[in-house]
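So the protein lines, in turn, are chains A and B. For the first sequence, the positions run 1 to 317 when my numbering is used. For the second sequence, the positions run 1 to 381 when my numbering is used.
By construction, these hints were calculated from the structure, which means they are not laboratory data. All values reported here derive from a predicted model rather than from experimental measurement. By construction, the Cβ of each residue, glycine as well, lies at the ideal position given by its N, Cα and C atoms. Don't take every hint at face value.
Unchecked claim - Listed next, the stretches of chain B that the computed footprint assigns to chain A, with coverage defined by at least 3 CB atoms under 8 angstroms from CB atoms of chain A:
1) 158-170
2) 345-354
What the hints assert, rightly or not - Which residues of chain B face chain A? A few of them, derived with a C-beta cut under 10 angstroms, are:
3) Gly-105
4) Met-108
5) Met-110
6) Met-123
7) Gly-126
8) Ser-138
9) Met-139
10) Lys-190
11) Asp-239
12) Phe-259
13) Leu-277
14) Ser-281
15) Leu-322
16) Gln-324
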Amino acid sequence: MRFVRKKLVQLIFVLLAVTFLSFLMLNLLPGDTAVVVCGISCDEAGLQQTRTDLGLDKPIPVRYVEWLKNTATGDMGISARNKQPVSEAIRERMPVTIELLIYSQFIALVVAIPFALIAAQRAGGIFDRSSTTIAFGLLSVPSFVIALVFILVFAVNLGWFPAVGYVKFTDNPAENIHDLFLPALTLAVAEMAVYLRLFRTDLISTLQEDYITMAKAKGISSRRVLIRHAVRPSSFSLVTVAGLNFGRLIGGTLIVEVIFALNGLGRYLYDGISGRDYIPVQGAVLVVAVGYVLINFAVDMFYAVIDPRIRHARAIA
Amino acid sequence: MSRKVISGSAAGGVDTGKQLLSVVDLKTHFLTERGTVLAVDGVSLNLERGKTLGVVGESGSGKTILARSIMGLLPKRNVVREGHVYYEGTDIIGHSQNEMRSVWGSEMAMVFQDPMTSLNPVMKVGNQITESLVHHLSMDKSEAKATALALLQSVGIPEPQQRLGEYPHQLSGGMRQRVTIAIALACGPKILFADEPTTALDVTVQAQILNLLGRQQSERHMAMILVTHDLGVVAGRTDDIAVMYAGKIVEQAPTNVLFSKMKMPYTEALVSSIPKLDNPSHTVLEIIPGRPPDLVHPPKGCNFAPRCKYVQDKCLEEEPPLAQAETPGHFYRCWFPVGTPEGRDALGRNLAAAAATSTLGSTPASTTTTLTAAAAATKET
């Protein structure tokens with residue numbers, strides 16, 4: 001399939017560009033890995049020795065190509081600070097990040113879609129106006145504030161959820177889902193508001209289409225008109241934005257990870273950057289970029305599922 | 001369902017009990033920020049079983065709104081809908097959406113103007129036909145599919161089996177309109193509203209679609225309201241014609257009477273704006289000057305007066321009532337009807353006055369001002 005091949009070529013180019021740029025920028029930042037590794041009491045000779053040990057004395061392009069070669073063979077290198085292999089660290093940290101991602105998007109969509117459906121049916125009505133206002137309110141509260149309020153209310157005062165930490169999914173799935181509810185909800189709140197607004201607006205404009213009046217004129221129930229006729233044509237923006245959010249959240253759940261003490265990919269990336277530990281950062285960036293491109297690919301495929309016109313146009317191309 | 005028979009004093013004093021559809025003084029007003037739009041302003045009409053009524057008017061005359069208002073398809077918000085719509089003797093104007101659902105599709109159905117937008121782009125043609133069959137006639141899936149196949153065949157779609165599984169974008173405009181007709185006919189409605197069914201189609205396809213509608217109508221003994229801006233479309237295909245202007249019916253008559261004995265200057269203007277084949281080449285078509293009035297602030301007097309060749313002072317002051325012509329079933333709203341001595345006098349006065357003003361050297365800005373000036377001039381004499 002030509003479409004898939006095109007996307008794969010695109011993926012390779014994106015990955016090369018992203019990893020090279022992140023490599024370059026990290027090295028242009030002030031600060032030195034050798035200083036971090038050698039410690040504050042290190043003298044000039046020690047620093048020089050550390051640099052040679054870590055291979056930091058070679059020029060940036062050479063180091064990039066070396067990293068690229070190793071990564072292509074499956075070796076993502078080791079952290080300069082704690083000598084942990086990057087691939088191992090990523091394997092440890094990926095599950096919680098991915099779970100948080102899916103969990104939060106699930107909550108956001110499950111809340112936003114029904115609300116949008118109800119709001120759009122009576123556009124301008126009381127439900128529509130109040131849900132829109134509340135959504136705006138939630139959207140304008142920063143996530144760390146929401147996280148802290150949730151911890152205070154649901155963890156400290158009510159004691160329903162743990163304030164920090166979680167049980168691993170593989171150990172006890174039910175416990176795990178329960179423990180991760182607050183961080184997932186924190187991430188979901190802002191997304192929820194965006195999805196609600198977006199889907200509601202698209203639904204309202206779809207409901208003014210002729211084919212909706214036509215469906216109504218068939219005498220079928222208004223629920224069927226809404227679900228069978230209006231939802232699919234209205235979901236393009238929702239799918240696009242949800243896809244972008246999925247990609248963005250792969251490495252972007254830092255604040256929530258820090259507040260809820262979750263060892264995720266965001267935290268790993270942050271630690272790597274602040275320690276000028278560029279090999280772990282490269283590894284994490286690679287994962288984020290691959291994830292982003294794959295999700296975009298999935299979104300593109302999903303368009304074709306929603307709309308037969310896209311499907312056919314692609315089949316012809 | 002209780003069948004309420006009303007005392008027959010609707011348009012023309014016809015006993016509405018016998019009618020399949022009887023609309024009495026229907027008003028449909030839109031509440032907008034600019035003010036209230038009088039889209040349909042007191043329309044009365046009757047439709048017998050198996051008959052065809054043509055509703056003709058310019059864009060913005062309220063004919064589409066009239067059709068949707070009769071069917072109750074307009075949104076509830078900011079819409080005022082008053083009057084009576086008797087369907088088989090029952091007034092359906094107060095029906096809730098739920099009650100209307102048993103009418104929509106199975107009693108009344110509609111074919112929309114543009115088949116490019118009236119079919120759901122993401123649903124298979126087959127499902128769009130079968131869903132009302134399943135809903136109204138409680139058919140199971142295979143029955144509904146077989147019926148849909150038969151419907152597609154009857155509206156003249158080649159390879160109907162294959163079409164059932166296709167999406168609207170895979171069909172041409174004419175084919176799509178055939179599909180919407182199949183959808184409308186699916187549950188055997190007694191009235192079909194065809195809202196400009198051929199306007200969006202190629203000329204070569206228009207006649208096919210109109211013939212199809214006519215054939216289906218007579219086969220099913222179904223009544224039809226054919227809404228169009230094109231007098232040519234309704235000429236040979238309707239029993240009666242109602243001419244709409246600015247939300248009102250300004251003339252209504254059996255089709256042959258309307259064309260031969262029209263009373264309303266607006267009808268005359270519409271007829272003379274149709275190109276005729278026996279005219280020599282490069283004949284300049286007559287146009288109707290000006291535009292339809294603003295329906296938020298309709299003019300005092302007759303709505304058509306500012307554009308009318310026959311306009312007199314009285315027309316600008318007093319609204320003409322619906323008057324009965326010599327032929328039964330022929331009604332019109334005009335003070336100086338076409339083909340009457342009054343009308344001829346009015347036209348003659350206006351033409352003379354216009355000639356006089358133009359020889360005096362004034363350059364008229366528009367026909368409207370000339371005519372108004374002419375009317376003013378006649379008053380002084």
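Outcome of the hint check:
1. 158-170: holds (count 3)
2. 345-354: Violated - the stretch 345-354 of chain B has 0 residues with a Cβ nearer than 8 angstroms to chain A, which falls short of three.
3. Gly-105: Since chain A brings a Cβ to about 3 angstroms from Gly-105 (chain B), closer than 10 angstroms, the hint holds.
4. Met-108: Hint holds; Met-108 (chain B) Cβ to chain A Cβ min 8 angstroms, cut 10 angstroms.
5. Met-110: holds, 5 angstroms
6. Met-123: Holds: closest Cβ of chain A sits about 7 angstroms from Met-123 (chain B), inside 10 angstroms.
7. Gly-126: violated, 13 angstroms
8. Ser-138: At about 13 angstroms, which exceeds the 10 angstroms cut-off, the nearest Cβ of chain A leaves the hint on Ser-138 (chain B) violated.
9. Met-139: Since the shortest Cβ distance to chain A is 14 angstroms, the answer is violated.
10. Lys-190: violated, 13 angstroms
11. Asp-239: Violated - the Cβ of Asp-239 (chain B) stays beyond 10 angstroms from chain A, reaching only about 24 angstroms at its closest.
12. Phe-259: violated, 32 angstroms
13. Leu-277: violated, 34 angstroms
14. Ser-281: Status violated, d = 39 angstroms.
15. Leu-322: violated, 30 angstroms
16. Gln-324: violated, 35 angstroms
The structure fails hints 2, 7, 8, 9, 10, 11, 12, 13, 14, 15 and 16 (numbered hints given earlier, in ascending order).
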